[in-house]
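Q: Spelled out from the first residue to the last, the chains are:
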Amino acid sequence: MKQIGSIAGRELRSMFVSPIAYGVMSLFSILAGVFFILDVAWFNEMLMRMQQYQAFDELAQWNLNDSLIGEFYGSMSVVLMFLIPGITMGLYASEKSNGTEELLLTSPLTIWDIVLGKFLAGAVFVTLLTLLVGMFPGLLFAYGDPEVGKTMSGLLGILLVGWTYVAIGGFASSITRNQIIAFLVSFVVLLTLLLLPAVADFGVAGSAPAVAEVLRYLSAAIHFEQLLKGLVDTADLAYFAVMIGVFLLLTKASVESVRWR
Amino acid sequence: MIDARGLSKRYGDLAAVDDVSFSIGKGEIVGFLGPNGAGKTTTMRMITGFLPPTDGTAVVAGHDIFDDPIAARGAIGYLPETPPLYPEMTVTSYLDFVARIKGVARKQRRDSVDRAMERTDLTGVNRQVIGTLSKGFRQRVGLAQAIVHDPPVLILDEPTAGLDPLQIREIRALIAELTAPGAAQNTVILSTHIMAEVDAICRRVILINRGRKVVDAPLEELTADGTTLEEIFARHTSRDAADLEPDEPAEEAAS
Numbered sequence: 001m002k003q004i005g006s007i008a009g010r011e012l013r014s015m016f017v018s019p020i021a022y023g024v025m026s027l028f029s030i031l032a033g034v035f036f037i038l039d040v041a042w043f044n045e046m047l048m049r050m051q052q053y054q055a056f057d058e059l060a061q062w063n064l065n066d067s068l069i070g071e072f073y074g075s076m077s078v079v080l081m082f083l084i085p086g087i088t089m090g091l092y093a094s095e096k097s098n099g100t101e102e103l104l105l106t107s108p109l110t111i112w113d114i115v116l117g118k119f120l121a122g123a124v125f126v127t128l129l130t131l132l133v134g135m136f137p138g139l140l141f142a143y144g145d146p147e148v149g150k151t152m153s154g155l156l157g158i159l160l161v162g163w164t165y166v167a168i169g170g171f172a173s174s175i176t177r178n179q180i181i182a183f184l185v186s187f188v189v190l191l192t193l194l195l196l197p198a199v200a201d202f203g204v205a206g207s208a209p210a211v212a213e214v215l216r217y218l219s220a221a222i223h224f225e226q227l228l229k230g231l232v233d234t235a236d237l238a239y240f241a242v243m244i245g246v247f248l249l250l251t252k253a254s255v256e257s258v259r260w261r
Numbered sequence: 001m002i003d004a005r006g007l008s009k010r011y012g013d014l015a016a017v018d019d020v021s022f023s024i025g026k027g028e029i030v031g032f033l034g035p036n037g038a039g040k041t042t043t044m045r046m047i048t049g050f051l052p053p054t055d056g057t058a059v060v061a062g063h064d065i066f067d068d069p070i071a072a073r074g075a076i077g078y079l080p081e082t083p084p085l086y087p088e089m090t091v092t093s094y095l096d097f098v099a100r101i102k103g104v105a106r107k108q109r110r111d112s113v114d115r116a117m118e119r120t121d122l123t124g125v126n127r128q129v130i131g132t133l134s135k136g137f138r139q140r141v142g143l144a145q146a147i148v149h150d151p152p153v154l155i156l157d158e159p160t161a162g163l164d165p166l167q168i169r170e171i172r173a174l175i176a177e178l179t180a181p182g183a184a185q186n187t188v189i190l191s192t193h194i195m196a197e198v199d200a201i202c203r204r205v206i207l208i209n210r211g212r213k214v215v216d217a218p219l220e221e222l223t224a225d226g227t228t229l230e231e232i233f234a235r236h237t238s239r240d241a242a243d244l245e246p247d248e249p250a251e252e253a254a255s
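Chains as they are written, first to last, in my numbering: chain A, 1 to 261; chain B, 1 to 255.
Keep in mind that the hints were calculated from the coordinates and are not lab data.
Here the structure is a predicted model, which is why all the values come from computation and not from measurement.
Certain hints may be false.
[To be verified] Simulated coverage check for chain A against chain B, where a stretch passes if three residues somewhere in it have a Cβ under 8 Å from a Cβ of chain B:
#1 105 to 111
#2 142 to 154
[What the hints assert, rightly or not] In silico lysine-lysine, DSS-like type, Cα no more than 25 Å apart, as pairs:
#3 A:Lys-2 - B:Lys-107
#4 B:Lys-26 - B:Lys-213
#5 A:Lys-252 - A:Lys-96
#6 B:Lys-135 - A:Lys-96
#7 A:Lys-229 - A:Lys-2
#8 A:Lys-229 - A:Lys-96
Built from N, CA and C at the ideal position, the CB exists for glycine as well.
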């Protein structure tokens, strides 16, 4: 376990000596800016209309956190679904195509050193992206008074969703030597996770309520929503911990499987 | 230093390596010969811990590869057939990373990296990105990576494959220098199918064919009566020789 830092450090250095990291971060900032401006514009538009029609009940419900920051966080979590597979697709697949897998597996490292080191590298990068997201609601504190707690718990949600996506993307990368396949597999898995609540609500809710409940629990979106509402519940935190743990275990088994063949 | 005890690797019914045993003492430089597909790489991968043997085990510098895999792997410097390089890294940062994962202490790391680059004549390109280096230089980085942690045992898998004649000569001279008596890495297994390489560097020959060890003798002894290595190689690996193997009649009966 001493070598996690060595693996993570190399991985991060490789990201930052190539244009990939900077490209992803710039793209991400631009997208975040666009979404934020759109959300602010929409927020103001709705506010004006409500005042015009004197819809005081709706107006009372209208606040920066639920109607602007929450929407913005939601959009950014979808953006992460596209970007993270791009970041993680090379984690293991490139080691195989470079032949460096042989270097790692014949060095005095444990498989956990490799798996946790690579996860840590991805998690650090996602943390940087989350900080970029956090800057935008930060601006609102200068002009309005959003709730600090809700703003932070939503940001925590982004962070946990991102880390979960990294664990899933890492696993997808570990099962193939082709980065394109790694990208597609992780993207499809993440998309499926996103669609689970809809499947639960419209597909099986009537016929098999128990199955619907399980499907809803498995979806990251449901737990993310709780955090957006400012509800930091151990059950939701546990969901993210379990998902990350399960995919890291699967990744470990997959890396180790080179040795079974 | 290296004790292979009945190493076998089977894929279903196919035996890639079949009950190979040998013992290599400190200071021995052994040429590991055999035609393509004979099981050279598989045997080396089992000793280095990349692949687990189906049967048998190996002991490297006193550490069993099953009981104490971390220590066994730490005692080996290994250059696989394709040098394991990260093309986007510079030579120095790459060697620093390898030194770290091989367990070189922080204080000694800089010295280890500098010495490895000196010994492989890489000092001039230390800041260059590996992806921009020529094939010969990349092979040198591969060698530097194998010796950076001063391992007592070196395992080199076809270190001159794919190089031009000039590069071959350079790399060969480098290996001879690295493994000279008195150097830290003087226990070496070097796989190749180039006979001249064995002549130039090795003092003992292990020949495997179809996964089995067929010759294991000092080079002098083999060539004492004037036969060349080529002849020995051909005698033991030709189709005729293979046809005489005891498992052949069974196949005939089947067909």
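Q: Determine for every hint whether it applies to the structure shown.
A: Tested hints:
| no. | hint | in the structure |
| --- | --- | --- |
| 1 | 105 to 111 | holds (count 6) |
| 2 | 142 to 154 | violated (count 0) |
| 3 | A:Lys-2 - B:Lys-107 | holds, 16 Å |
| 4 | B:Lys-26 - B:Lys-213 | holds, 21 Å |
| 5 | A:Lys-252 - A:Lys-96 | holds, 15 Å |
| 6 | B:Lys-135 - A:Lys-96 | holds, 19 Å |
| 7 | A:Lys-229 - A:Lys-2 | violated, 39 Å |
| 8 | A:Lys-229 - A:Lys-96 | violated, 43 Å |
Violated hints, listed in ascending order, are 2, 7, 8; each of the other numbered hints is respected by the structure.
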